[in-house]
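Colleague: Protein sequences appear in the order of chains A and B. At position 99 of the first sequence (counting the first as 1) the number is 98 in numbering that gives the first Met the number 0, and the numbers step up by one without a gap. At position 287 of the second sequence (counting the first as 1) the number is 286 in numbering that gives the first Met the number 0, and the numbers step up by one without a gap.
Derived by calculation from the structure, the hints in this document are not laboratory data. Predicted model, so just to flag it, every value in this text is computed and none were measured. Keep in mind that the hints are not guaranteed to be accurate.
To be clear about the criterion: a stretch of chain B counts as covered by chain A if any three or more of its residues have a C-beta under 8 Å from a C-beta of chain A, and this derived list gives those stretches [what the hints assert, rightly or not]:
| no. | region |
| --- | --- |
| 1 | 67-79 |
| 2 | 151-158 |
| 3 | 185-197 |
| 4 | 211-225 |
Glycine included, every Cβ here is placed at the ideal spot set by N, Cα and C.
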Amino acid sequence: MSEENRGLDSIVSHRFGRARYMIIVDVENGEVKNIKAELNPGGQAASGAGIKAVQKLVDEGVKAVVAGAFGPNAMTALENMGIKYYQLQGVTVKEALGKLSL
Amino acid sequence: MTLEIAVASGKGGVGKSTLASTIAIILSRHSKPIIAVDADAEAPNLHLIFGIKKWEVEEPYGEAMVAEIVQEKCTRCGRCAEVCPHGAIDFIDGRYVVNTVLCEGCVTCTLVCPVKGAIIRHKTIAGYIRQTMTTYGFPLISGRLPPGRPNSGKIVSEEKERARAMATQDSIIVVDSAAGIGCQVVSSLAGANMAILIVEPTPASFSDLRRVYTLTRHFMQPAALVINKYDINEDYVETIEAFARENNIDLLGKIPYDDNVPLSMAKMAPLIELYPDSPASKALIEIAEKVAWITEHWREWFMKYRPRKPMPYKPQIIKPPELGKA
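One chain only, chain A, in its complex shape:
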């Protein structure tokens, strides 16, 4: 999750539900294959931001997500949908992928 859309150089957001963008990457054998940015519907939502964000992840077929903090509703939804979540902030998307060996 990120507040900016600068590809792999985007800095990971300190929050999940209301982050501006989702930077979605496909990783195959440690290599980044595709990258795209989607607007996070949670960022615009009046309420239920975390849930809406998770719904979007599900729609996009995302398996794992990285952000600085996950609220209680978001966390429950992620677990129910079997999406892994990692708490990290202040690093770029590229660095996060490296740190997590994804």
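With chain A fixed as given, assemble chain B onto it according to the hints.
Modeller: Just chain B, lined up with the frame of chain A:
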């Protein structure tokens, strides 16, 4: 790194704003770049303590769009109601009507409507965010929500986002949360590096403290504690201190009950400015100095007080009984 400190309590009226404002002022006297955020958009009062009479910037935020069906043009085909992702279009008395509370202005209805101009959109204002420089050399970001409107978590997120946009590497963002543990408070805590909790020695306050503490555990945040008005019930203070010890919460200090506190609030000025020698002032200043120390020795303090075990707060999901699968 930019440090974000959230001040929370659970219970209202125990001293969050007094503590948050003192911390902001004292840290500022240490020449630290501060940004104060009033994260209570329903009943903001940090600006009252800072004696702010007008705002440099006051703007509506989160302008939402809401759809409206123009009945004279509507052919009652019902396509809008079928596609609305929020279930916000009702069929009432033979007419399709948009439920403005549920409508999120996504335009899906407008896209499928066969009649041009049958669905129009209005702007509604979700709330206001305002900002001004205080006379203490740092900015205050505050919010205001119209009564009964949703978005409380969102406006807090928005305020903090603005603070971060203004922050430099050395900035310290001091967030004064609302009371309770609702969306506003969750939003205030999310992303904070540390939480400073404040409690008074009463069962009600202690009970609320334990609830807000579970949120800090959810976010894996190190927590510090301040006991306010400690002399109203000194026996109970023991119980609270034991709780802090058991949970590795850094007890920063205790503040005595002091009539000058409400008096300074009535005069719309910080306690430590109006009555610097009053007992509460002295205690508050000592506590704020400790917070200054923490910001200067962040790594060390963080390593000592960070929670080791994740304790995510999982809301209980009540599932509807399984219907027979089609």
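Colleague: Does each hint fit the structure? Answer for all of them.
Modeller: We went through each hint and held it up to the structure:
1. 67-79: violated (count 0)
2. 151-158: holds (count 3)
3. 185-197: holds (count 4)
4. 211-225: Result for this restraint: holds, n = 4.
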